[in-house]
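No gaps in the numbering here: position 302 of the sequence shown is 302 in our numbering, and each next residue is one more.
Hints are computed from structural coordinates only; laboratory data are not their basis. A portion of the hints provided could be inaccurate.
Claimed, not checked - Simulated pairs of lysine-lysine, DSS-like, Cα-Cα distance not exceeding 25 Å: (1) Lys228 with Lys84; (2) Lys419 with Lys228; (3) Lys84 with Lys419.
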Amino acid sequence: MTDITNALGRIMRGDGLFARALRGSAWTGSGHIAAQIIRLASNLVLTRLLYPEAFGLMSLVTVLMIGVTMLSDVGIGVSVVQNKRGDERDFLDTAWTIQVLRGALLWLLLCALAWPLAQVYSEPALIYFLPVAGLSVLIAGFNPMRLETAGRHLLLGRVTALDLISQVSGTLITILLAWLTGSVWALVLGQVIGAIIKLTLAYLMIPGEPSRFHIEPTSAREIVQFGKWIIPSTAFGFMLAQGDRVILGIYLTLEMLGVYNIGQFLAAAPVVLASAITGRVLIPVYREFANRRDAGTARKMRLLRFFLTGSVMAMVLVLAFVSTPLVRFLYDPRYADAAVIIVLVAVSSLPRVLGLTYDQGALAAGDSRRYFLVTAFRGIVQVSAFVIGAELAGIVGALVAQGAASIIGHFSLIWLARKHQVWDLQHDLIFGALAAIFGALAIYTNWDLLHSFVVSQAAIAH
1 MTDITNALGR IMRGDGLFAR ALRGSAWTGS GHIAAQIIRL ASNLVLTRLL YPEAFGLMSL
61 VTVLMIGVTM LSDVGIGVSV VQNKRGDERD FLDTAWTIQV LRGALLWLLL CALAWPLAQV
121 YSEPALIYFL PVAGLSVLIA GFNPMRLETA GRHLLLGRVT ALDLISQVSG TLITILLAWL
181 TGSVWALVLG QVIGAIIKLT LAYLMIPGEP SRFHIEPTSA REIVQFGKWI IPSTAFGFML
241 AQGDRVILGI YLTLEMLGVY NIGQFLAAAP VVLASAITGR VLIPVYREFA NRRDAGTARK
301 MRLLRFFLTG SVMAMVLVLA FVSTPLVRFL YDPRYADAAV IIVLVAVSSL PRVLGLTYDQ
361 GALAAGDSRR YFLVTAFRGI VQVSAFVIGA ELAGIVGALV AQGAASIIGH FSLIWLARKH
421 QVWDLQHDLI FGALAAIFGA LAIYTNWDLL HSFVVSQAAI AH
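Work out the full structure, taking the sequences as your base and the hints as a guide.
What follows is the structure, encoded as structure tokens:
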């Protein structure tokens, strides 16, 4: 690992693509870590001001909003980063106009779905919370395309600063509202205010020409042509990323869902971090890599892949081993079961870590169709396994099944990576073996904790 780190350090000091990619990774990674620290600090304060059921209810609101948003994602941001016309004014204005219209339609859809979803989850409060929280989606639609062009050129420092400032401001306002009201409304309104702050800062902090309403037919066709496979891809991507909470919202009480949400947030933090980095950095890297397939470039790609996978896997495993003291230190006894959730989510996510650097290769090549096929397969397998596991053995069965589904899904990623010549067999063998060994050790170390949780859940069920 020292050799890899030294090599990456030498590359990072240059001005080439990989230097910019690594600096972009550093900005994105450090920004995301800071964001997670802010979120954790907020979480710790809010768990003392609010009750577990509030986090369960807000988890439902958030996951439903994300679902509606992802189900209508036409890949505007990816189009700007990937398309050869991504710096042209007509293309950017067309993309922004489509984004604004989509935000307005999403808010109207959330308003229309509020009552039916309140009946599905037997939570009347959703009738009010969804339309108000949905305003954040409407507001985000007006975010300027400068944010996407910065990502296109891996100039992520100012974007990272913007994200952090808006998050800190929104968090402080949420905490103030929670202290004043003691209500879940604090979480809902804090989300909307955070979106307003980010929109304002985007226009003040990111240089570039202002976006304007304009539809150029050629640009619109290119965006729609690329996005026609992105829309179903993100639908299944939602199943992969958020399906657990949608399903558990039916099986669990709001209190237990709130506890699950806290454990899942902590355990999934490294994978979410890596996804943020790969999503912003790897498409430009793969786009250039396709034009320069020499030995030196391939070596740099391997270094980058090994570094990302090794770092994320190490963080996930550390969380699995220290879950109990971590939860005891951070939370009061009402949230003790979050320690079990951390272990189960961390171990079940290890197969997913293996494939974090593969799927962006397809998007960089404009192959949104195969990307959709793989995402659909993984989403269907994971949700099916999750439901079967939940039916047979509750939350524990669901998470065990999720891990098994991730293993199956990885083979589809291998197929996709081979199509675009980015698969690394040595990488998968090394880190697959490490995941199996240390994942089993984490389960063994926490066996008594897991057994007690299973017994308690069985008693509640009966």
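*Assess, step by step, whether the Cα of Lys419 is no farther than 25 Å from the Cα of Lys228, and give holds or violated.*
holds (20 Å)
*Between Lys84 and Lys419, does the CA-CA distance stay at or below 25 Å?*
holds (22 Å)
*asked:* Hinted pair, alpha-carbon criterion (25 Å max): Lys228, Lys84. Please report holds or violated.
replied: Roughly 18 Å separates the two Cα atoms, so the pair holds.
Checked against the numbered hints above, the structure breaks none of them.
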